[in-house]
Every structure is written in structure tokens, then in C-alpha cells.
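Asker: Chains as they are written, first to last, in the numbering used here: chain P, 1 to 199; chain U, 1 to 199.
Just so you know, the hints here were simulated from the structure itself, not pulled from any lab data.
Treat the hints with care, since some could be wrong.
It does not matter which identical chain is meant; a pair holds if it fits inside one copy or across any two.
Said to hold, decoys possible - Below, in silico cross-link-like pairs of lysine to any residue (SDA-like), each with a Cα-Cα straight-line distance of 20 Å or less:
1) K4 to N195
2) K62 to G169
3) K4 to Q47
4) K62 to D187
5) K62 to E163
6) K155 to F81
7) K62 to D191
8) K62 to L168
9) K62 to R164
10) K62 to E7
11) K62 to G50
12) K62 to I166
13) K82 to E121
Just so it is clear, the structure is predicted and the values come from calculations on it, not from any experiment.
Residue strings, one per chain:
Protein chains: 2
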Amino acid sequence: MSGKRIEFWYEFASTYSYLTAARIEQTAGAAGIEVEWRPFLLAPIFQAQGWNDSPFNVYPVKGRYMWRDMERLAERYELPFKRPTRFPRNGLTAARTALIAADEGWCPDWTRAVYAANFAEDLDIGDPALLAGLLETLDQDPGRVLAAADQVSNKQRLRTQTERAIELGIFGAPSFLVGDELYWGNDRLGDAIANAALG
Amino acid sequence: MSGKRIEFWYEFASTYSYLTAARIEQTAGAAGIEVEWRPFLLAPIFQAQGWNDSPFNVYPVKGRYMWRDMERLAERYELPFKRPTRFPRNGLTAARTALIAADEGWCPDWTRAVYAANFAEDLDIGDPALLAGLLETLDQDPGRVLAAADQVSNKQRLRTQTERAIELGIFGAPSFLVGDELYWGNDRLGDAIANAALG
Chain P
1 MSGKRIEFWY EFASTYSYLT AARIEQTAGA AGIEVEWRPF LLAPIFQAQG WNDSPFNVYP
61 VKGRYMWRDM ERLAERYELP FKRPTRFPRN GLTAARTALI AADEGWCPDW TRAVYAANFA
121 EDLDIGDPAL LAGLLETLDQ DPGRVLAAAD QVSNKQRLRT QTERAIELGI FGAPSFLVGD
181 ELYWGNDRLG DAIANAALG
Chain U
1 MSGKRIEFWY EFASTYSYLT AARIEQTAGA AGIEVEWRPF LLAPIFQAQG WNDSPFNVYP
61 VKGRYMWRDM ERLAERYELP FKRPTRFPRN GLTAARTALI AADEGWCPDW TRAVYAANFA
121 EDLDIGDPAL LAGLLETLDQ DPGRVLAAAD QVSNKQRLRT QTERAIELGI FGAPSFLVGD
181 ELYWGNDRLG DAIANAALG
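Build the full structure now, drawing on both the sequences and the hints.
Answerer: So, in C-alpha cells, the structure goes:
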């Protein structure tokens, strides 16, 4: 291993994080860079800024633009995209599950599956039954995994990870950390990878 | 003329617009595309969203990131950059002057000069004496131009242009309009040019 690495900070309700999650492993891998997947929650960060909803709902003009921008970018990346009938969806259980998945080595697959459900298939990723079905497609035991995700200690891990995001100056998703350099937005994936490649 | 064109909407207090203003004429010209320079004011748009200051000041974590991002991008584009000791500066008179400059064919030079003063030299672009000096460097008569900029009819033109920006769904700067497609942010200059090149 070269030891070159990039931290990918994401929130399951984040539209632009879907675009990154679908691409980052291939992009980073081609540059010999290891991706560390860092699910966190944006809601506490947004609430601290006075928003009780996605800024794309709080500021509808910006939201309208974002949906069109997503269509264009998904087309460019040749990714399926369907504007969700509900936005944002609740990614809490999916994020807790991602921590379990990271322990066990299937976090990238899990993350991509959840994003695809949310933004390509318009499914409710806040619904435990939906998540159980996704786990089965990954050959994971839904009962075991969801119970582990729901443990008090695991809930605390997600809170701790979100606090770490705040300490790092993260205010949106996706964000990338390479050494001390923070990058915000799917648009910065290439820059972050290029920096990580410097080692 | 091919008739291919792009509208470049900008506000003189906008940091990222500086990066675009310095590059757009060359980038568009290389693709055979004509740039239409559209100065407008962000303050009325921000005020409608409840902000009485730049969002980079309203949300300091985002502001801190923006200044670092500006440093990185200016370095990449090989543009001089100095974080202004005061932000945002008042671009009202500069924008009114830009409308006169557009009538007379020197708007690109004016726009670049004002941005360089603000973001490369840390000068107060709200100061009429500073603006007069910039006009002299462009061989323009400061007395004549600033009087024309200050006419009631010209002030109304800038208001009308800002209302037009709102109608177009513009919520930040720089923005680009190509046909019916809106693009937001210096990061989207390449995409907007590519679309304009399709004709």
C-alpha cells in the first residue's frame, strides 16, 4: 500500500453525495488512493445554522437549480437519476448501518445501494423494511445488522463522527479531507484526489 | 459571427466572480463564443433570503472554507489574490459604471480592473476616488463616466438588470445563462461554455 488516502464525508440525504459515492472508489483506485468512508449527519450542522430542513428547501430558488444541476451531472456521469418525491429522506438508520458495514468491509457497497435507492429509484431509505431488503441484496442478515446498528454504543459512534465533522469545519456534503485540506462538493472530488496523489 | 453566446452574470463583491471575470473572455473566445457581461446586485437577492450580509459572513464556517478555496483556485489559475481586509465591499457604483462601460465597449476591462482592485490589491472599490483612478488607467474621463453612472436612468437600469436576474432564477454569482440553461458558480464556467459551443 502506498498509504495515500482520502476521507469521504457523506450524508445519505445529500444529492450531490450520490454522484460522488457512485464514482469515488473507481476514481481514487485509478490513482492508487484508499478511500475512507465517513458517514455523518448534516441535520445537527444545519440546525446550528438555523435550518430545520435542507437548505434546498429553505431556499427554493437554489433548490430548483440544484435539481436541474443534478439531472445534468447524472447524465454526464451516466448515472441513473430520478428526482425523489420526498426530499430530504431520513438517512439516520442507513448511516448507523454504514458504521457496521465499515467494520465489516462492505461499506462502499452499502453506501452505493442506499444512494441508488434514494436518488435513482425514489425509495424511502428511512423505512427499515426497505433497508432490510437492501441488506439482503448484499447477502447480509437484516436482523443481525439492524440490531447492531441500533445499539446505544453504535448510535453514539455516529454522534461522535458528526462531532468530528464539525471539528473539521465540515458544513455540507460531500466533503473530502486530505491531510489538513478540506474540500467541499462533488465538484472538488478531482482536486481532492489530485492532492491525495501527491502523498 | 457564429452567434454563439453566453451571459455572464456577476456582482463585484463576489469572490468567485473574480476568478471567472479574469478568465472568461479567453476561455469563451477560444471556443468562438461571445460573452455578454451582466453586472447585477446580490444584496437585494440575499435580503429576500433573510441575509443582511454575505452568506460567507452569516455562516462563518462556510466563509473560512471559501477563503482557503479561493487561495487554492487563484494559485491554479495563476491569478494574484489577497484576502480583502474588508468583505464584502460595496460594488454599487462600480456596477452602475459597468453599465456605462458596456454601452461604450470597455466593460470587460473595467470589470477585470475592479475585481483586481478588490481581490488582488485589497483596495476599497466602494470609494469613488479609487474608481476614478481605475477609470484613468483605462483612459476614461472619471468626471464624465461617474456622472453618467450616477444618473437616475442609469441607476434604474441596474435595478432592472437585478430584477431580470431574479426572474432568471439567479441566486448567486457568478452565474451563466446559455439559452434557457442556468449555471451557477465559477466551477460551471467550462460546462456553460461547452453548452454554448453547441450553438
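Asker: Now tell me if each hint is right for this structure.
Answerer: Verification of the supplied hints:
In this homomeric assembly, K4 and N195 come within 20 Å of each other (Cα to Cα) only inside a single copy, at 10 Å, whereas the closest approach across copies is 36 Å. Taking the shortest alpha-carbon separations for K62 and G169, only the inter-copy value of 8 Å comes in at or below 20 Å, while the best intra-copy value is 23 Å. Taking the shortest alpha-carbon separations for K4 and Q47, neither the intra-copy value of 34 Å nor the inter-copy value of 44 Å comes in at or below 20 Å. In this assembly of identical chains, K62 and D187 lie within 20 Å of each other by CA distance both inside one copy and across copies; the values are 17 Å within and 16 Å between.
For the homomeric pair K62 and E163, the shortest alpha-carbon distance between copies (16 Å) is at most 20 Å, but the shortest distance inside one copy (27 Å) is not. With identical chains, the CA atoms of K155 and F81 are never at most 20 Å apart, being 30 Å at best within one copy and 44 Å at best between copies. When the C-alpha separation of K62 and D191 is checked against a cutoff of 20 Å, the pair qualifies only between copies, where the shortest distance is 18 Å, while the shortest distance within a copy is 24 Å. For a Cα distance limit of 20 Å, the shortest separation of K62 from L168 across copies, 12 Å, qualifies, whereas the shortest one inside one copy, 26 Å, does not.
For a Cα distance limit of 20 Å, the shortest separation of K62 from R164 across copies, 16 Å, qualifies, whereas the shortest one inside one copy, 28 Å, does not. Taking the closest pair of Cα atoms, K62 and E7 come within 20 Å of each other only across two copies (19 Å); inside a single copy the shortest separation is 27 Å, beyond that limit. Taking the closest pair of Cα atoms, K62 and G50 come within 20 Å of each other both inside a single copy (17 Å) and across two copies (14 Å). In this assembly of identical chains, the alpha carbons of K62 and I166 lie at most 20 Å apart only when taken from different copies (11 Å versus 24 Å within one copy).
Only within a single protomer do K82 and E121 lie at most 20 Å apart by alpha-carbon distance; the minimum there is 6 Å, versus 46 Å between protomers.
Violated hints for the displayed structure, listed by number in ascending order: 3 and 6.
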